[in-house]
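Since the structure of chain A is provided, determine the placement of chains B and C on it from the hints.
As they're listed, the protein sequences go chains A, B and C. First residue of the first sequence: 1, per the numbering used here; consecutive thereafter. First residue of the second sequence: 1001, per the numbering used here; consecutive thereafter. First residue of the third sequence: 2001, per the numbering used here; consecutive thereafter.
Any given hint could turn out to be false.
Which bits of chain C does chain B cover? Going by a derived footprint, with three or more residues having C-beta under 8 Å, they are [claimed, not checked]:
1) 2013-2022
2) 2163-2172
Far from chain B by the CB rule (all over 12 Å, computed), these chain C residues [what the hints assert, rightly or not]:
3) Ala2054
4) Phe2072
5) Ile2074
6) Phe2139
7) Phe2142
8) Asp2145
9) Ile2182
10) Phe2206
11) Arg2284
Just so you have them, the derived chain A footprint on chain B, three or more residues with Cβ under 8 Å [what the hints assert, rightly or not]:
12) 1187-1195
13) 1208-1214
Simulated from the structure, these hints should not be mistaken for laboratory data. Glycine residues also receive a C-beta, built at the ideal position from the N, C-alpha and C atoms.
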Amino acid sequence: MAQVSLEGVRKVYPNGFQAVETTSFTIQDGEFVVLVGPSGCGKSTLLRMIAGLEDISEGTLKIGDRVVNDVDPADRDIAMVFQNYALYPHMTVRKNIGYGLKNRGTLAAEIAAKVEDAAKMLNLTEYLDRKPAQLSGGQRQRVAMGRAVVRDPALFLFDEPLSNLDAKLRNQMRIEIKALQRRLGTTAVYVTHDQVEAMTMADRIIVLNAGKIEQIGTPSEIYHNPASTFVASFMGAPPMNLIEAEMGQGQVRVNGFEGLLPVPEAHSGSVTMGIRPEDVVLDAHGSISFRVDILEELGAHRLLHGAIADQPFTVMVGKDHVANIGETRISLKPDALQLFDKTSGQRL
Amino acid sequence: MAETTLDTPIEAHRPRRIKWEAIGDHTVLILGSLLMMLPPLLALTTASHDAVTIHREGLQLTLGDDLGKNFNAAMFEKGGFTQTVDGTLMLMNSFILGIGFAVGKIVISMMAAYAIVYFRLRFATLAFWVIFTTLLLPLEVRILPSYEAIQKLGLTNTYTGLIVPLIASATGTFFFRQFFMSVPEELAEAARIDGAGPWKFFIDILVPLSRTMIAAIFIIMFVFGWNQYLWPTLITTDESFFTLVRGIKQIVLTYTDATIPEHGQALALAIVAMIPPVAIVVFFQNWFVKGLTESDK
Amino acid sequence: MKRAGFDNTWLPVALLLPQLMIIAIFFYWPAGWALQSSFFLQDPFGFGSTFVGADNYTSLLGNDQYKRVAGFTIIYSVLVTFFSLAIALLLAVKADKVIRGAKTYRTLLMWVYAIAPPVAGFLGILFFDQSTGPMTKFFQMFGWDFKLGVDYNATATAMIIVAVWKQIPVNFIFFLSGLQSIPRSVREAAMIDNRSATGRFWQVTFPLLAPTAFFLLIINITYALFDTFGIIDALMKGEPGNNPMTLVYKVYLDGFRGNDLGGSSAQSVVLMVLVLILTVFQFRLVERRIHYT
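The following block holds chain A by itself, in its conformation from the complex:
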């Protein structure tokens, strides 16, 4: 078990491309941290630097109390689960799981016992003598987990481990991985581009964009108080509505509209206003006029896609609400309003 700390870590490739800007954060012992962001945001590079598969250009990386910048991946006491599992195709499940132990000079009897334990934990016992090609996607995923678990490392690293699974299996494995990590209490860093995975699994989420950290926080903080328009639009499905608005005298005026909303802050000028679709209420006496173009039926709720004064806008309503295509009126929950600087996108 260990805490991981990055102090001023930066990654620049020989061709001058800066994959990760100077970054500092600390992951607590036993914490499950998810790095999330669009592809190319530097999340995988960051993970691979922690793993030792990528050199660190600048800064210090500590696992526990040890600076590991120049330590070989094999000696960092980490285990990693890859997107394509990276199982050795010519080895049985038993050998796949035991390979790391064997290389560390563990006694054969001890390897056998540990592999059995790991297999039992992951319901793999009956597959131990099969080769990866004879397993289903979910089983292969478990073998990759087994390979990580069996060594009892200080740190788990996950690189989009669920992206190759179908939706149903992904939901199931999500819960299994989380439960396993809880039980073992091992610190974990998990990379994904899927915001649902990030929200459901993380103790804390780190949102990355273009090599820079946008926000670090618990899933609830990230969802309800996004630090920037990027975080607001990246996290949550459907994403947060972002519309242009004018501010003054403690009120927001939506462009081309009389509807005034009271807000606590004392800013003025043009802003970007954000509100989650579920924080909008259909209200015949509402101050804002909303044109519904498309109705999406999702069973438990419905999504109404349309526009406010020609700016795209989405509203989520419960299944009991009656909604029709055409003009309607809405009101916004004032305490759910988010305001962002119009140019920088930063939260005000």
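Only chains B and C this time, still in chain A's reference frame:
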């Protein structure tokens, strides 16, 4: 869907036409197969006749009585100019050349390809080009200077001189390089995290992973080595180093110089020279085809 | 290069060393030596050599015999390439089509690959035997007094036929695997769009096969130029005399039998240039092939 609704009425109307077309296809294929099969088969049937018959009547369609006799003579009777070489010795030399060449090529080119693909090496690009330039000039083009080089090194009439210069091309290296590039990156990374060093990774993971590729390349290289003619002709003047393919012309010449040429024995020897490479290609057909089409020669 | 390469220095060097050494000794040294000696006139008794500049090259170009050999090489390569490609394509298309016996046909049509060229040449001698050869009799039916090793055209014909026969399997294998890699859905779409099987072949299948065909074209030219040495040597029964021969055979003849080192080296260099042109051509095609897929 559309296809079946379209096709069904057509087929119902003229089932005969479809059949005729298939018969035509099979006829072409059978004729093609005969074209390929017939010459070696005739060689076999002819090899079962005695010298006089063959001399007088040429190729024979039926099996005669002398098959065993001719093979026996070809394999065990000392022949050649010096009367020191028999078929068994040449067969052994052919195996030494075929296997030695294939194994040497695979070992050397796998190592080189591994170094080029899996290491951060400052002069890797240079090494790559130095090696791959050799793809440009086949041995036949530089045959004379290569021979001179071997002579200066005193390697004529040695297995080393016979085998090693044939290995001096990048075909195998190119093939393994392409294969290694297609191995997922994560495999090497997982192995590194599992504590495998470069040598362990090579032996434990990469070599077992390449088994099919090695088999495919082995077949191609074995046949290539076995069938070498020009190089062995130049390098081996001592008959005890003759391979079957190299020796066949010599044997044919001495046999045919006689008043009644021993064509039966010569054919028997030719058949012995065909059997091992043909057998390996036929039995390991899938690997062979894979190796041939994926290595792009 | 892999993104996470190993960092050792001595291991990759040790791994590369055997290959580099073999190449240096048996490739770069001889190739450089050929280039050098093509500018020298070698004393036939081995008492040194004199620098003659480009004389060896100019005398090559003025040599009628060399021109004749070059001419034959061109005709020979074109005919061998054309016939072996055409026959192999026909067989591959049929083998791809039939359902029953497909595997057997494949085996029967490809196994000749494993036969050594001189052995094929030896079989040729028997088939084209002056008095008893079945092929000789076949040509005699058309009034051609076919004399292998005596008549230039007869010998040339025999060489081409044997060389074509020996090359059909390679072309067949490549064409068949090219055909089999055409996606099923594309064929099905073509079946819906075009009722005529011949039309489908020329409009859909053949264009998709074109990269394979281009690649094979180079392979076949290389084969005709270099790999048929054994066939030619066997069919002329060791007596070059008035017989047709290819450029490679002449390099061998002049260098090893005629002891004309300078001239032979100059011929080698000419061949090297030829191969270089072919290879550049091939690389450009391979590049294009990669864009295809």
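Tested hints:
With 7 residues having a Cβ less than 8 Å from any Cβ of chain B, the region 2013-2022 of chain C passes the three-residue criterion, so the hint holds. Counting residues of the region 2163-2172 of chain C whose CB falls under 8 Å from any CB of chain B gives 4; the rule of at least 3 is met. The beta carbon of alanine 2054/C sits about 19 Å from the closest Cβ of chain B, which is more than 12 Å, so the claim that it is off the interface holds. Separation of phenylalanine 2072/C from chain B is adequate, the least Cβ-Cβ distance of about 17 Å exceeding the 12 Å criterion.
A cut-off of 12 Å between C-beta atoms confirms that isoleucine 2074/C is not in contact with chain B; the least separation is 17 Å. With a closest Cβ-Cβ approach of about 15 Å to chain B, phenylalanine 2139/C is found to remain outside the 12 Å limit, as its non-interface label requires. Distance to chain B confirms phenylalanine 2142/C as a non-interface residue, since its nearest Cβ pair spans about 19 Å, more than 12 Å. For aspartate 2145/C, the condition that its CB be more than 12 Å from all CB atoms of chain B holds, with the nearest at approximately 17 Å.
The beta carbon of isoleucine 2182/C sits about 14 Å from the closest Cβ of chain B, which is more than 12 Å, so the claim that it is off the interface holds. For phenylalanine 2206/C, the requirement that its beta carbon stay farther than 12 Å from each beta carbon of chain B is met, with the minimum near 17 Å. Every C-beta of chain B lies more than 12 Å from that of arginine 2284/C, the closest at about 14 Å, which supports listing it as non-interface. Residue count for the region 1187-1195 of chain B with a Cβ under 8 Å from a Cβ of chain A: 8. That meets the three needed, and the coverage hint holds.
Counting residues of the region 1208-1214 of chain B whose CB lies closer than 8 Å to any CB of chain A gives 3, so the stated coverage by that chain holds, three being the minimum.
Taken one by one, the earlier hints all hold for this structure without exception.
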